[in-house]
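With the hints as constraints, model all of the structure from the sequences given.
Here the protein sequences come in this chain order: A and B.
Under our numbering, think of the first position of the first sequence as 13, with each following residue one higher.
Under our numbering, think of the first position of the second sequence as 173, with each following residue one higher.
Hint data in this document are derived by calculation from the structure and do not stem from the laboratory.
Derived DSS-like pairs (lysine-lysine); straight-line CA-CA distance at most 27 Å:
id: 1; chain 1: A; residue 1: 46; chain 2: B; residue 2: 336
id: 2; chain 1: B; residue 1: 537; chain 2: B; residue 2: 521
id: 3; chain 1: A; residue 1: 305; chain 2: B; residue 2: 336
id: 4; chain 1: B; residue 1: 537; chain 2: B; residue 2: 434
id: 5; chain 1: A; residue 1: 283; chain 2: A; residue 2: 130
Now the in silico label distances, taken between C-beta atoms and shown as ranges:
id: 6; chain 1: B; residue 1: 303; chain 2: A; residue 2: 155; range: 30 to 40 Å
id: 7; chain 1: B; residue 1: 337; chain 2: A; residue 2: 148; range: 43 to 53 Å
id: 8; chain 1: B; residue 1: 264; chain 2: A; residue 2: 308; range: 33 to 43 Å
id: 9; chain 1: A; residue 1: 101; chain 2: B; residue 2: 524; range: 47 to 57 Å
Derived list of chain A stretches under chain B, where covered just means 3 residues or more per stretch with a C-beta under 8 Å from a C-beta of chain B:
id: 10; stretch: 55-61
id: 11; stretch: 249-256
id: 12; stretch: 301-315
Glycine included, C-beta positions come from ideal geometry on N, C-alpha and C.
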Amino acid sequence: MKNEKKPGLNLNFINTNRSYFFLLLILFCGLFAKNFFSAYNICAVTGNGSLVIYLGLGFTLCLIAGHMDLTVMYVSTFASLLCLGLRASSGLPWAVCILLATLSGTLVGLVNGILVTKFKIHSFIATLGMQFVVKGAMYIYTGGAELSIGRDYALNEALNGTVGPLPVSLFFLITTAVTFLLMAVLRYTAFGRNLCMIGGSLETAWLAGVNSSLVTTMTFIISSTICAFGGALNGIYSGSASITMGEKGISPLMIALTAAIIGGTSIYGGKGSVVWTWVALVAIAFLKSLCKKTELQVLVIAAILIVCIFYETLAKYHRDRVVGTRPNLRLEYLNESRK
Amino acid sequence: MKKYLALALAVLMLLSAVSLAGCAAGTASSAAASAPAASSAAASAPAAASASASSAAPAAGGNLEESTKLLADAIANLKTTDNHQMMADPVLFDVPQATGTADELAKLPDTDSNKWHYYEYLDWDKSADANLPASPADGQKGKHIILIVHGAHAWTTCYTDAFKAACDAVGMTCDVYDPNWDQSTQDGYVDQAINEHPDAIVLIPISADHAEQQFKKITDAGIPAFCSNTTPQASAMNYILAYTGPNDWYQMRLAADKLGDKLGGKGGVAYITHNVGGSPYYARCYGPMTELAAKYPDIQHLDVQSPGFEASAVKQVVSDWITKYGDKLNGIVLADDSDQAIGAVEACKAAGRQDIVIMAAGISKQGAELIQSGDLMCASYQSCQGDAGLAVRTVSEYFCNQEIPRVSYIATDVITADNVDSFTPCQW
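Here it is in structure tokens:
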């Protein structure tokens with residue numbers, strides 16, 4: 013019998029790279045839209061979508077580790093407020109304001125990590141509680157008022173401005189650099205490998221001698237720190253910050269979660285990529301530009317999300333069903349008989 | 173199974189692609205049809221704005237004449253649902269001298285009207301005005317404008333419908349973007365609107381403090397920027413050609429006078445605010461508060477709460493007030509006469525406290541019904557359709573090169589049981 017490979021779609025390849033296909037699809041649709049590929053639009057869309065990329069990065073990290081971090085949005089908002097507030101009240105240099113705001117995120121991440129690893133509270137509950145703590149802190153700090161950069165436009169214009177001939181803002185370039193730095197950490201360091209291991213199987217990680225508590229705590233710290241850094245930059249980029257960010261319209265937290273899943277990060281942990289999330293979020297940012305109506309944006313994003321989750325769930329069910337069995341027994345028999 | 177699901181995913185993506193492509197193409201073609209000048213614009217926004225102006229120049233004379241006639245007809249004939257003039261003459265107010273700088277005034281008590289000078293009046297440094305685009309002086313007919321509202325609400329629907337009707341009447345086309353109350357989405361829409369190169373952008377800012385950045389972006393792109401309805405921070409006026417909208421402070425003060433009279437100058441009043449940060453938050457809370465403090469010094473100001481616009485949340489707050497303050501609570505000031513008013517009235521009825529006098533900013537169908545039933549003592553008259561009409565009138569006058577006031581307001585009144593019939597059927 014001649015063993016001929018049938019030509020056809022490699023469905024596994026499509027599924028693995030679905031975020032890239034999603035982005036390509038959106039960009040293809042953009043060909044039919046007016047001024048979609050103008051330098052101004054690309055710069056504005058990627059810049060405005062940068063904050064959610066930071067949230068997506070933080071959320072993806074925790075998701076790979078098998079946890080959820082619901083504080084990401086509030087941490088970034090608090091960092092925005094703190095950064096602008098410090099500048100307005102103390103006149104500190106922007107670098108110091110950004111650093112202090114970022115450290116506030118580090119602190120929240122540390123508390124999240126301790127709650128999850130030492131007090132054994134489920135990350136969903138622990139971060140849900142911390143969400144309200146951070147929100148309360150924001151109310152106390154601002155008294156409910158919105159903070160703005162006033163007429164301190166220098167850094168605002170730099171972050172909004174393009175770099176060289178590239179049609180993207182400096183803010184987006186920094187965001188992209190952070191994404192690929194994080195990708196390198198996940199791919200080429202022991203911490204990155206341990207992170208995937210504890211997300212995939214805590215028992216295996218323990219048998220391999222991985223200090224899962226330390227890795228989990230570090231994950232929460234990195235997640236919150238990144239989000240705080242992004243929040244601080246976004247405050248300067250957009251020129252203002254308010255405590256109600258994300259409470260109306262489409263929540264950035266939900267967009268970050270959606271993008272992580274569309275990107276291919278497993279909701280069960282152990283598998284994922286920050287670059288996939290980055291690609292999915294860039295695609296969603298362009299999708300928003302394409303669909304002028306908010307309700308249409310929500311509909312399309314939700315439809316794709318549901319299909320992705322449905323696929324993930326059934327794929328897991330299929331995997332679990334064949335654990336310990338030899339699903340390819342017939343194939344093995346045929347191969348043997350050919351010899 | 174996996175193959176079928178992956179196939180389903182691919183089909184879904186394809187369907188999305190087709191629908192999105194259709195949607196995008198539709199938008200592009202409609203925009204192109206309505207604004208031929210804009211479609212030939214170059215990539216950069218400032219260049220596009222000037223290109224659009226110059227391409228219209230050859231036909232300017234005839235178009236201007238026709239535009240002026242269309243505008244005059246619209247002003248004379250367009251009516252609101254409650255049979256008032258939709259594009260009525262604007263009302264202008266003098267700006268008094270501030271008694272100090274913003275930082276100095278911020279230290280004053282909430283009940284001192286001087287504290288809110290820079291919130292109430294658009295008192296800006298005109299010497300710092302940006303290079304605002306000059307009128308193309310070729311008339312509004314054929315112009316395409318983009319309206320960016322603040323969010324979904326019955327009021328917004330009424331406003332946008334009136335805006336479109338007014339645009340249609342004067343020969344303009346318009347697209348409406350609705351960010352659903354989200355600041356970052358509105359920022360995105362501002363960028364998208366600039367990218368579309370319209371002839372003008374009318375924006376209802378979600379936040380007064382953030383408006384300056386938004387209008388600066390529009391003006392820097394060379395596009396005429398108009399602010400409607402919510403008052404921006406005064407310094408934002410450096411980048412705004414004209415503000416049109418209600419004088420919330422003035423009309424709430426008029427209504428507060430009625431409340432003070434009704435209470436006989438005594439008792440306690442509590443306040444439920446609009447969304448924190450927006451101009452109605454300050455005007456509809458501190459407008460009546462400062463008025464009552466100035467004219468009725470024996471009235472106590474018990475509490476200020478911001479539960480939002482859910483009737484149930486407002487009912488809870490008012491119930492808590494009745495429990496906490498008892499007979500000391502005699503009056504309630506609401507920032508909204510629909511859901512907030514329903515919640516407050518229900519709480520008073522449930523507690524058997526119909527003696528509590530309630531006033532609100534309005535006017536909606538629910539508000540009118542509550543006034544007719546006697547549950548609501550009065551509401552300020554803030555014509556939603558008149559607001560939209562004045563914005564379109566101002567934009568049209570700009571294109572016709574007529575002199576436009578930088579700040580103008582719609583006419584107002586106080587609605588009570590005696591005159592409510594002349595304001596029905598309600599606009600929203």
